[in-house]
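Novice: Dock chain B against chain A, hints included.
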Amino acid sequence: MRRARKSPVVVRQPAPTPDFREGGYSDQRSLPLDASSTPAQSVQAAISRRLWFCVYLPELPLEACGPANGARVVVEEQQGMHRVLLADRKARAAGIMPGQTANAALALLASLDIAERSRLAEQQTLEQVAAWLESFSSMVSIAGSDVLLLEVAGSLRLFGGLKALRRQIATELGEQGFAASLAIAPTPLAATWLARGKRRACVRAAANLNSALRTLPLYCLGWPDATVESLGSMGVENVGDCLRLPREGFARRVGPERLIELDRALGRLPDPRSSWRAPETFCADFEMTEEQSERELLLKICRELLLELEQFLLARQLGTQHICFSFFHLRDPATQLTLGCARAERRAAHWFELLEIRFERLSLPEGVIAVRLYGGHMQAMDVVSGYLGFHQESRTRRVGYSMLQLAERLTARIGRQSVQGVTTVAEHRPQYAWRTEDILGDDVTNGQVQVPNALRRPLWMLPEPMALAAEQGYPLHHGPLTLVEGPERLETGWWDAGGIARDYYLAVNPQGVQLWVFRDRKRDAGWHLHGIFG
Amino acid sequence: MRPDAPSLDELLENPRLWRGHDQTRATAGLASGYAALDRHLPGGGWPQHALTEILTEHYGIGELRLLMPALARLCNDEGHAGGDDRREPGWIAWVAPPLQPYPPALQHWGIDLSRVLIVRPRETSEVLWSAEQALVSGTCAAVLLWPRTLGDQASRRLQLAAEKGGSWAIAFRPPAARSESSAAALRIELRSDTNGTRLCILKSRGGHPAVLRNLF
Numbered sequence: 001m002r003r004a005r006k007s008p009v010v011v012r013q014p015a016p017t018p019d020f021r022e023g024g025y026s027d028q029r030s031l032p033l034d035a036s037s038t039p040a041q042s043v044q045a046a047i048s049r050r051l052w053f054c055v056y057l058p059e060l061p062l063e064a065c066g067p068a069n070g071a072r073v074v075v076e077e078q079q080g081m082h083r084v085l086l087a088d089r090k091a092r093a094a095g096i097m098p099g100q101t102a103n104a105a106l107a108l109l110a111s112l113d114i115a116e117r118s119r120l121a122e123q124q125t126l127e128q129v130a131a132w133l134e135s136f137s138s139m140v141s142i143a144g145s146d147v148l149l150l151e152v153a154g155s156l157r158l159f160g161g162l163k164a165l166r167r168q169i170a171t172e173l174g175e176q177g178f179a180a181s182l183a184i185a186p187t188p189l190a191a192t193w194l195a196r197g198k199r200r201a202c203v204r205a206a207a208n209l210n211s212a213l214r215t216l217p218l219y220c221l222g223w224p225d226a227t228v229e230s231l232g233s234m235g236v237e238n239v240g241d242c243l244r245l246p247r248e249g250f251a252r253r254v255g256p257e258r259l260i261e262l263d264r265a266l267g268r269l270p271d272p273r274s275s276w277r278a279p280e281t282f283c284a285d286f287e288m289t290e291e292q293s294e295r296e297l298l299l300k301i302c303r304e305l306l307l308e309l310e311q312f313l314l315a316r317q318l319g320t321q322h323i324c325f326s327f328f329h330l331r332d333p334a335t336q337l338t339l340g341c342a343r344a345e346r347r348a349a350h351w352f353e354l355l356e357i358r359f360e361r362l363s364l365p366e367g368v369i370a371v372r373l374y375g376g377h378m379q380a381m382d383v384v385s386g387y388l389g390f391h392q393e394s395r396t397r398r399v400g401y402s403m404l405q406l407a408e409r410l411t412a413r414i415g416r417q418s419v420q421g422v423t424t425v426a427e428h429r430p431q432y433a434w435r436t437e438d439i440l441g442d443d444v445t446n447g448q449v450q451v452p453n454a455l456r457r458p459l460w461m462l463p464e465p466m467a468l469a470a471e472q473g474y475p476l477h478h479g480p481l482t483l484v485e486g487p488e489r490l491e492t493g494w495w496d497a498g499g500i501a502r503d504y505y506l507a508v509n510p511q512g513v514q515l516w517v518f519r520d521r522k523r524d525a526g527w528h529l530h531g532i533f534g
Numbered sequence: 001m002r003p004d005a006p007s008l009d010e011l012l013e014n015p016r017l018w019r020g021h022d023q024t025r026a027t028a029g030l031a032s033g034y035a036a037l038d039r040h041l042p043g044g045g046w047p048q049h050a051l052t053e054i055l056t057e058h059y060g061i062g063e064l065r066l067l068m069p070a071l072a073r074l075c076n077d078e079g080h081a082g083g084d085d086r087r088e089p090g091w092i093a094w095v096a097p098p099l100q101p102y103p104p105a106l107q108h109w110g111i112d113l114s115r116v117l118i119v120r121p122r123e124t125s126e127v128l129w130s131a132e133q134a135l136v137s138g139t140c141a142a143v144l145l146w147p148r149t150l151g152d153q154a155s156r157r158l159q160l161a162a163e164k165g166g167s168w169a170i171a172f173r174p175p176a177a178r179s180e181s182s183a184a185a186l187r188i189e190l191r192s193d194t195n196g197t198r199l200c201i202l203k204s205r206g207g208h209p210a211v212l213r214n215l216f
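Protein chains in written order, with the working numbering: chain A, 1 to 534; chain B, 1 to 216.
Mixed in with the good hints, there may be bad ones.
Below, a sample of chain A positions facing chain B; criterion: calculated Cβ distance under 7 Å [said to hold, decoys possible]:
1. L108
2. A110
3. F136
4. V419
5. V513
6. I532
The set of hints was computed from the structure by calculation and includes no laboratory data.
Glycine is no exception: its CB is placed at the ideal position from the N, C-alpha and C atoms.
Chain A on its own, in the form it takes in the complex (with noise of 0.2 Å):
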């Protein structure tokens, strides 16, 4: 055993796979285990603590077409002809078999409903599934086109146990539609060979990895059909059969990247898996068969949309400020609906009480063919902390949080510009002295500046100074003016294009309406009404 006296780790462990340890192993120097720096026992040891959990959709290219009225099948063009790559139930029960021709199929079966393989859908459909699957683990691995991947070992305490989390997933797969095979072992590899093979298996220690393989058939691995006809034809049935084939002759006979899968699937050598992610932006469609224009059925399929968007968020607890609607129609453009939320959201009933105030409002130029939600920004959610009871500062945020629902209540159906706080400035000019500030925004500042007490403002401020004209050197409006208070002088602005010279003036009007008049010192001498006193 030379590789004890490099390693003495390995002297204390019981060398676990002594049959194929035999078979040359540590005479293989060409081959790629050798050359690995990592002791494969280190190895070993790393993927005890790693539980695969692997998802198997076998009849996928069924699934991703969507739900089917009578018997499906889904064909494949092949040399020519299309020909049946899976059968679902009730076209099995008719007698289709895979690999039937087309014609062949329709003529057991004249209502059968014939679907050309999308991989395209497949894909999405993988990714649909891989998504929903991250609820469960933080790595999530897409295989091939039709195996997803999980590492459970984290998160067995948070779902109870490895049989709880395998039921739920089981059922919440087969709620979906799912005919999936699942399986868990402690490497990727096998967990995907268990599932390929329908055992239903569940492997936990590495240790069982050998025996729980041993007996699997070759097609389950995913290789060539010509390597595993060739391997057949030596009498090669299984992954038993393999192990005990010498090393050194299997990978020349069939290369040495089988050989590398063997060992990964047994844990003797490292088999990363990058991690799958979801995209971060959402957007869902959904279609329908006909042209529709009903409204309450158009609302149920947004509030569809927006549960799908919810458990998008949550998953990655996530919320969105801003969601877009898409209306598609036949031959206008598509009807568009934005709507914004004072800050980060992901509850659906939140949104769809802000899509009520705006969709019932919305007009739509003709029936709607499908429904596209999309999701807009994503940033982490603002938690805050529930209302105990006897905190009073939790309830003071409380109320200043419906504030925000009111504003955003508002928004909804007037507009973000015509919903505004106001602030002050510092700053003589009248006209600066003061801005509008938005309600929802983040960027609120406690930035007001106190006007000295002594100053009189009007109430009420026009958006533009009126030209008023003037009788004997005296403003009018509504009749002569009198003078009541000033003159106080702004002179000030010189720096930019905005500079004024006025005299200010309060003034009295026939009726008593007190106003606010300047003077103008600069261009015209001219009088202009500037504010009313309130």
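Specialist: Here is chain B on its own, set in the frame of chain A:
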């Protein structure tokens, strides 16, 4: 007069006798900041959780000055709901103001600008909707609105919304509206000429009509 007939004082002592203006004494009004006005308002101030209508011919004859002390108290006081409920200071919503409320002047009157919400709906129908939303939300201590028209039914809705949200609705209307019926708890008309401003209490729930001169 018969000698055994009870005196007026005795009659008033009789618990079976119901007198209209006793009814609202229980609910304290919101002090207006003008002692002369408070004396004429039932409860000694503006009616709370109700609709007040102010009828004016022109803007700028004191219709805002009349409200400012009370509004300043509302947005600075802890508990606009009569002190029984410790809520945070309420917001003051301005729905469809005809001109721009000038923040430095509001501040001068003691209004907390961080609690001012200005809503400018583009359509007339949205004025009432926005005001109603603000009233029922329970976060606005006062809602000032300038509706183009305010029918009997709309005023009833506003009155109900004010009661529901514990808020004070103030609607500004032209003097022509005095002939229209309204559900408002208080209707005031302001008239002004060179001699000063005259305030007429047209309708006051639990109070009496009155005319006040030279309030400011």
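Novice: Would the hint on A:V419 be counted as holding, given a Cβ-Cβ threshold of 7 Å to chain B?
Specialist: holds (5 Å)
Novice: Should the hint that A:L108 touches chain B count as held when the rule is a Cβ pair under 7 Å?
Specialist: violated (63 Å)
Novice: For the hint on A:V513, just tell me whether its beta-carbon gets within less than 7 Å of chain B.
Specialist: holds (4 Å)
Novice: Verify the interface restraint on A:A110: the C-beta must sit less than 7 Å from at least one C-beta of chain B.
Specialist: violated (58 Å)
Novice: Minimum Cβ distance from A:F136 to chain B below 7 Å?
Specialist: violated (40 Å)
Novice: Under 7 Å, Cβ to Cβ, is where A:I532 needs to be relative to chain B, so tell me if that hint holds or is violated.
Specialist: A:I532 check passes; min Cβ-Cβ to chain B is 4 Å, inside 7 Å.
This entry does not satisfy hints 1, 2 and 3, going by the numbered hints stated previously.
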